[in-house]
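**Q** Both chains come to you apart, so use the hints to assemble them.
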Amino acid sequence: MKRVRRSTGGVAGRAHAIVVFTACLGLLSACRVEAPERSEAEERARTTGYRGILLEDTDPRPDFVLTDARGEAFDFRAETEGKLALLFFGYTFCPDVCPVHMASIAAVKRDLSVEEQRRMSIVFVTVDPERDTPERLREWLSNFDPSFVGLRGTEARVDSIMLGLGLPAAIRDTTAGPDYPVGHASQVIAFPPGDGFRVIYPFGTRQADWKHDLPRLLKK
Amino acid sequence: MSGLQWWCSAQTAAWTSNPRPFPGVWVLVVLLAVLHWSLRRAGGGERIQKETRAWFGGVLALWIALDWPVGALAGYLASAHMLQYLLTALVAPPLLLLGVPAGAWRRLASRARTVRALRFLTHPLIALAIFQVTLYYTHLPSVVDGLMVTPLGSFALDTLWLLGGLVFWWPVVAPVPQRPGFGYPLKMGYLFLCTLVNTLPYAFLTFGELPFYGIYELAPPVGILGPREDQQLAGLLMKVGGGLILWTAITIQFFVWFRREGEAEGPAPAA
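Protein sequences appear in the order of chains A and B.
Under the numbering used here, think of the first position of the first sequence as 564, with each following residue one higher.
Under the numbering used here, think of the first position of the second sequence as 446, with each following residue one higher.
If we strip away everything but chain B, and leave its shape as in the complex, we get (with noise of 0.2 Å):
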């Protein structure tokens, strides 16, 4: 039977609608909360609404995912993993790297070091790579089938997510390091290619014959989705729903770079 976990993993027990602590990732949170703290005062203690918000919204996706229920519901269905890891790496690390404090970030733009590693590991093909692989590795069946079975495997693919997808979000909402050749219009071309990667391992969840996942396929039951559907469902939350936020991001981008352009050509004169 399982006992105290620290993070969530898969188990072998019947899933219960009992909630379950995981005192690893109230940990977490707290220390982005902490985080968030010491880097507004980082910047010099400014009025930073918008920024908190976005930042507690990054904080509160990531609990989300990660505690029960979902977290738990992670150890027995793969669309609760996929869940999980929607939130974890596309919802999240831009909710969070929006709610860093421009104060914080002036600091970071001092540090040359920091800014010189930043501009190659944030290239927008770096950064697209370095997520795409990630995505593909941490999809695999032997990782997950490996790692999810430990609560310390399974904070590890959390890691691996939620720093794939700081790197795979920075190029688009970090103001550092600034690239200037990286405008609204390749920003959005950045997001659609990204739509267009994960359609490989989508396919393979919503068409693969047979169940990818040992831990999923030999998982006590919970309700009525069996491992085939349950691995079509994941499959279809990771177009569907990496797509609609992916798209979100699209449009977003859109309208600032519509209201940008209003804003730089200046009020139509009067007739």
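Looking at chain A on its own, in the form it has when it is part of the complex (with noise of 0.2 Å):
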């Protein structure tokens, strides 16, 4: 009875040693493991130099008036004219994409040389003027960095700007109540200093791509 017992045992142990071994192994091979965005961003950089999305022979910056944060008019194209600038179309209760791209731009400006950062200019216009007070668009940008630019404007007047620029009007959804989300356009353009070409950087840019990308624009 032992020796039966015991010849099952290890039958059984075998069985099940082969069943968890068998069973780690499938679920390993199913997860996959693998940075999708990183390979087609340095890809990018290969044959383009940039890891952001080159656009070749383009306008020159849009030219438009808007209001800062201080009240005061902001004429955008004259404001950066000669300065790598970075745009970008948010609003400050945004809960993703506006923060993590603020706070990556204000992380790698950061590691800049001060002449570097005074060659650079990021601004951020509101998609929800509404909400975005003038004082809630400074302290939102001043999390970030202080000299980062907030501009307002009315509805029509952004999304005019933002059409101009190939990018689709933000959807405002105010039948969500008062915390209500807006859809928007993810992606933060760049106008090196000479202008002639621009670069796009959807969502999903990472510091790693802005440390790359931010010196060599400030050299065009």
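Everything labelled a hint here was simulated from the structure, so no lab data went into it.
Everything numeric in this text was worked out from a predicted model, so none of it was measured.
Virtual Cβ for every residue (Gly too), placed ideally from N, Cα, C.
Check before you lean on any hint, since a few could be wrong.
With a straight-line cut-off of 35 Å between C-alpha atoms, the simulated DSBU-like cross-links for lysine-lysine are [to be verified]: (1) A:K783 with A:K672; (2) A:K774 with B:K495; (3) A:K672 with B:K495.
Per the computed footprint, the stretches of chain A lying under chain B, defined by three or more beta-carbons under 8 Å from a beta-carbon of chain B, are [claimed, not checked]: (4) 666 to 678; (5) 766 to 777.
**A** Quick look at the structure:
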């Protein structure tokens, strides 16, 4: 009886071991171990020199005037001329894309030299002027970098600027209550100092990508 | 948006403080409770208050690590992910091993083949190597970014940590197989070695110039921590938190050794 039990236990033990081992292998093989966005951005850098999406032979940077967070007129083309301008349309109540983009740019900007930082301008245009008061805009942007410029305009004006840049107009779902979400383009547009081309940075752009591209853009 | 998930994983939706259920974690907790009951029965139903406390301490550590809020936060913050690692790989395994009743160990010791396999697998050098490979592999950016995005992948990571932890702690805590040559001083050395080996990932995380993990860098922000600060905190947790656990274990080994030596020498003769 004892021998039979031991023999059965041995077979059962091996069977258990095989089942556990196979399950572990199956579990691991069922999980994709890759970071797909990485290779895409790096591949772009190999072909164009930029990890962002390069758009060549484009119009000069847009010409528009909006109001900054101090209530003064801000002429985008005139104020950013000769500088690297990063333009983004978002809103301060955004729970994900906007703060991530702003935090990434701010973190990498701090790594640049003072001279390089002086030659760039980061402009955030709110697509939600109703909730993004000048005070709110200033306070929110200061959390990332006090030099970031916050601009406001009427919804119609901001939408027309976005459409002019080939971006879809923002969608404000005000029926969803006071915490309504705003659907908006998630890319940052970079205008190099010399214009002539622009580089698009979709959501998913990482600090390593900004660190790679910003010094190159500043030289153009 | 995120619906019901059976296991925690990285999220693209903003963090909310509303509790979220992870049924897979609850099933694990119940299974571990049942396992303890069956181990106890297999051991002849002896009174094992100390073992039961240790076992359920281990289960509690796993529960805290994997359920809301730590489990959910681990989808947003590298530091929460590290806390999960510490609880799953360094706290729960020794408690679970200490919670196995003596009767179950005796039964295990009677299975020659299993003991032979364990003797090899839990040889201190092999165990340390397995644990370190697990530690390094499960903290590679491509692995974390690839696995943490699905509940299955996240479950695989947690399973690897738990299994790696069990293998690592086995030679220190488990009485089977017996290793007379691996006494308290060597156990202390073994644990000390582990505090040194985790220095490399700690240094990468703490002193890395850029965030390593895409899922944490691009996750909706939680609190005031930016991705770089969060990563530094994760590195510090690994070094300080991990060090604290290992040094506590070293200290316990020392005092047990000290007491046993005293017992072996017997009472001091009266003057």
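**Q** A separate judgement is required for each hint: does it hold in the structure or not?
**A** Results of checking the hints against the structure:
1. A:K783 with A:K672: 17 Å, holds
2. A:K774 with B:K495: Violated - the C-alpha atoms of K495 of chain B and K774 of chain A are around 55 Å apart, more than 35 Å.
3. A:K672 with B:K495: 56 Å, violated
4. 666 to 678: holds (count 4)
5. 766 to 777: Satisfied; 6 residues make the cut.
The structure fails to meet hints 2, 3 from the earlier list, while all remaining hints are met.
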